[in-house]
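Using the sequences provided together with the hints, build the complete structure.
Going by our numbering, the sequence shown opens with residue 379, and the numbers climb by one from there.
Do not take every clue at face value.
[Said to hold, decoys possible] Capping the alpha-carbon separation at 25 Å, the derived lysine to aspartate or glutamate pairs in DMTMM-like fashion look like this:
(1) K404 with D454
(2) K402 with D387
(3) K402 with D389
(4) K402 with D454
(5) K404 with D387
(6) K404 with D389
The set of hints was computed from the structure by calculation and includes no laboratory data.
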Amino acid sequence: MENDNKHTDLDIQLTAKKDELSLKAKGAGLLVLIAICIIGIILLSLKMADMKESTILYPPILFLLYLTYNLIATLDAVLGLAVRCRDD
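Below is the structure:
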């Protein structure tokens, strides 16, 4: 039996006000930026594996790591995520 329903529907709501964006738009934007940084780190690492003099790529990778760390911290602050450890 062939599955004709191969597409997934995704509803995204965006509220743009004069002074601020909605929380969903902020979170989605930050997640996109984090994904771009992680893809950049992976691609630079693959390029570094092919090169003989690979030390030239350390500063861009470290910059992307620092940027990703700060974006994750910003996402945590904007969305109010909390990690809780329970001792049960």
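Open item on the list: Against the 25 Å threshold, does the CA-CA distance of K402 and D454 hold or violate the hint?
Closed with: The given pair, whose Cα atoms are some 13 Å apart, holds under the 25 Å limit.
Open item on the list: Check whether the Cα positions of K404 and D387 lie no farther apart than 25 Å.
Closed with: holds (21 Å)
Open item on the list: Hint check: K404 vs D389, CA-CA at most 25 Å. Holds or violated?
Closed with: holds (16 Å)
- [ ] Quickly compare the C-alpha distance for K402 and D389 to 25 Å and report which way the hint goes.
- [x] holds (12 Å)
- [ ] Compare the distance between the alpha carbons of K404 and D454 with 25 Å, and conclude whether the hinted pair is satisfied.
- [x] The hint holds at about 11 Å.
Task: Satisfaction of hint between D387 and K402, Cα-Cα up to 25 Å - done: holds (17 Å)
Consistency with the previously given hints is maintained throughout, with no hint failing.
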